[in-house]
Amino acid sequence: MLSPTPCLLSINNYFYPRGGAEVLFLEQNRMFEDIGWQVVPFSMQHSKNLPTPWSEYFPDEIEFGESYGLASKLVRAPRVIYSLQARKKLRALLRQVKPRIAHVHNIYHHLSPSILSVLRDEGIPVVLTVHDLKLGCPAYTMMRGSKPCDECRGGSFHRVVANRCIKGSLALSSLVMLESYVHRHLRLYDANVTRFVVPSRFMLEKLVEWGWDRERFVYIPNFVDLDRFKPTAPIGKRFVYCGRLDSLKGIATLITAAAKAGQPVTVVGAGPDDARLRALAVDLKADVDFRGHLTKDALAGVIETARAVVIPSEVNENAPLSVLEAYAAGRPVIGSRIAGIPELIREDETGVLFPTGDADALADALARFAALPDSRLVAMGAAGRQWVERDFSAAAYRSRMLELYQSIDGGSR
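Sequential numbering from 2 applies to the sequence shown in our numbering.
All clues stand as given, with none of them false.
Now the in silico label distances, taken between C-beta atoms and shown as ranges: (1) Gly37 <-> Thr296: 26 to 32 Å; (2) Leu285 <-> Ser56: 43 to 49 Å; (3) Pro52 <-> Asp375: 42 to 48 Å.
Derived BS3-like pairs (lysine-lysine); straight-line CA-CA distance at most 30 Å: (4) Lys286 <-> Lys261; (5) Lys148 <-> Lys168; (6) Lys99 <-> Lys49; (7) Lys89 <-> Lys99; (8) Lys231 <-> Lys297; (9) Lys49 <-> Lys297; (10) Lys49 <-> Lys89; (11) Lys297 <-> Lys238; (12) Lys148 <-> Lys261; (13) Lys238 <-> Lys286; (14) Lys49 <-> Lys168; (15) Lys49 <-> Lys231; (16) Lys238 <-> Lys261.
Worth flagging that the hints you see were computed from the coordinates, not collected in a lab. Quick reminder that beta carbons are idealized off the backbone N, C-alpha and C, glycines included.
When you get a sec, could you build the whole thing from the sequences and use the hints?
Here is the structure:
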């Protein structure tokens with residue numbers, strides 16, 4: 002007798018490709034659908050969401066930074082901490098489907114970890130992919146400005162208010178402080194998550210350092226869809242950045258370095274610092290082509306024509322997908338020496354590292370790569386492609402994830 006189709010309940014705040022976490026979430030959904038699983042998403046309502054027959058079960062949108070009226074803000078604030086609506090919606094969904102596994106991605110501030118105990122009560126094993134450092138740090142970066150910060154270590158979450166860590170706002174920082182204290186007191190993550198998946202060893206070691214049990218974590222690196230990229234295109238002249246336009250991503254440092262080195266840069270992505278970065282490029286007379294948000298295919302085309310991809314991040318990055326996408330396209334990477342990025346760059350073999358936030362050092366790297374023979378860049382790109390084919394393919398990721406799922410539920414449902 003054939004076993005029933007396995008069901009994966011896949012959970013994330015957003016159901017559209019907003020950032021790296023969402024891209025991984027959506028790609029993983031597709032990956033499991035391709036091998037015959039029923040994948041049921043659970044997200045919040047949002048105008049940009051992809052279509053899905055399950056959207057009627059999505060709770061209402063919460064979006065930080067929106068100009069809600071006072072009444073709307075009062076309604077939304079408790080849901081940031083502990084969403085009764087998300088719990089109710091999830092229970093309704095679970096009356097329709099019987100998941101073998103629930104795989105959770107980013108849920109804080111929106112769906113909230115209140116939903117985790119609902120899954121536990123239903124006897125559903127929970128896997129949570131750790132996309133940032135929120136399990137330890139209320140502001141999820143373990144940084145203050147450009148410096149490492151451990152002021153909240155041990156549960157001293159009041160420091161997030163003293164330092165106004167959330168968008169410089171006293172109100173938002175106070176809300177996140179309260180959220181962190183409530184979640185810690187109720188043990189919403191600790192008591193309800195079966196295994197935490199970490200895509201970088203940096204993230205694993207940092208959370209263990211902050212008191213988490215090493216045995217709760219499983220290292221499973223991110224993956225890239227190799228079929229999206231053609232690593233045979235000629236080496237181009239322009240350097241490429243692709244990602245969110247946010248001050249933490251170091252794009253201002255990249256623009257400054259591009260101006261110093263006289264090198265052209267293409268910036269792909271959108272975000273809150275778009276206007277400021279465009280103005281900076283004009284002020285510095287830097288050759289920067291802002292392309293905005295692109296489709297997956299268009300993005301692949303830009304990366305394939307790059308000279309190298311630059312990852313100038315100035316925050317504790319986990320495991321940027323843009324590094325793997327560069328390698329899949331046969332392009333080397335110039336990356337900042339911070340957090341999980343050095344794990345993904347083999348010095349002078351697949352790319353180079355530079356000191357975080359150092360525009361002069363990055364300018365030197367850009368100038369060096371501009372002067373290298375195309376054949377040398379092809380060789381570096383080929384080494385990166387071989388690496389992702391072996392260790393970061395969709396097949397490798399799926400195999401590791403299936404092994405994890407099997408280990409925590411025994412395949413019995």
